[in-house]
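Number of protein chains: 2
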Amino acid sequence: MNYKDLEKQDKGSVFDTNDAIANLTFNDVGLIPAIAQQHDTGEVLMMAWMNKLSIEETLRTGQVCYWSRSRQSYWRKGESSGHVQLLREMRADCDGDTLLLLVDQQGPACHTNRKNCFYISIDKAQATIIAEPETE
Amino acid sequence: MNYKDLEKQDKGSVFDTNDAIANLTFNDVGLIPAIAQQHDTGEVLMMAWMNKLSIEETLRTGQVCYWSRSRQSYWRKGESSGHVQLLREMRADCDGDTLLLLVDQQGPACHTNRKNCFYISIDKAQATIIAEPETE
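Protein chains in written order, with the numbering used here: chain A, 1 to 136; chain B, 1 to 136.
The shape of chain A in the complex, shown without the other chains:
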């Protein structure tokens, strides 16, 4: 199986999970971008990176585990803050080079304590901070 071959498959067609993961396109350091979206509101929370093992762990445990490029280690989101992401569904895109994680975010997703990481709005004229950190 490869992602190109899936394009013509009917809705409802099923494939092996191990094949689906093995055929993802990882970059030259073995990572794939993963977008986290709150499953019920549609809010895009953050984007981070996963490797093959963090994808497998996330599916197995139901709790999102990324790969931290800055720390070069597994990043079990919320391990210290408690702001975990419970996985509701993992999706791959048409060419298998991006993941979308539908999650139930506990607490703020952003390390700044804002609900999501995308709080800087940029337009032609100026850039603007559009969100405050949450207060407990």
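Calculated from the structure, these hints are not laboratory results.
A hint or two may mislead.
No copy is singled out in the list; a pair is fine if it fits within one copy or between any two copies.
Said to hold, decoys possible - Simulated pairs of lysine to any residue, SDA-like, Cα-Cα distance not exceeding 20 Å: (1) Lys124 - Leu59; (2) Lys115 - Gly42; (3) Lys52 - Phe15; (4) Lys124 - Asp16; (5) Lys52 - Thr25; (6) Lys4 - Asn113; (7) Lys8 - Glu132; (8) Lys4 - Ile129; (9) Lys52 - Gln126.
For this one, chain A is given, so just place chain B on it according to the hints.
Just chain B now, kept in the frame of chain A:
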């Protein structure tokens, strides 16, 4: 200005757009990931890559322009298909290494004619095709 310094800024604080763009973190080939989300429904449509000039063009024209890694050229989304993305808002994340584009997608976003690119659901047991191409 750098993104780290923005963390403590109050909501409503404004900055220069050129600074905001210049201080984004581009990867070693000058690209930054950009997530496209339908502005009114919250549907995550696709993820692609932009460089500095495609960001500037997108802000200037109001129509999303990516950088195509496979073709190594500017990719004015919908130029041949008509399935353009009208920009409603561009946002950067906390560390300035990912963009979120709130867009008004015209027609299907995916080259397979599906509404969005994330049509392969992966769980522990199996992977499943969850969307059909749109019919005109």
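To see whether the hints hold, each was checked on the structure:
| no. | hint | in the structure |
| --- | --- | --- |
| 1 | Lys124 - Leu59 | between (41 Å within a copy, 6 Å between copies) |
| 2 | Lys115 - Gly42 | both (13 Å within a copy, 16 Å between copies) |
| 3 | Lys52 - Phe15 | within (17 Å within a copy, 39 Å between copies) |
| 4 | Lys124 - Asp16 | between (46 Å within a copy, 9 Å between copies) |
| 5 | Lys52 - Thr25 | within (10 Å within a copy, 25 Å between copies) |
| 6 | Lys4 - Asn113 | between (40 Å within a copy, 14 Å between copies) |
| 7 | Lys8 - Glu132 | between (45 Å within a copy, 9 Å between copies) |
| 8 | Lys4 - Ile129 | between (40 Å within a copy, 13 Å between copies) |
| 9 | Lys52 - Gln126 | between (39 Å within a copy, 16 Å between copies) |
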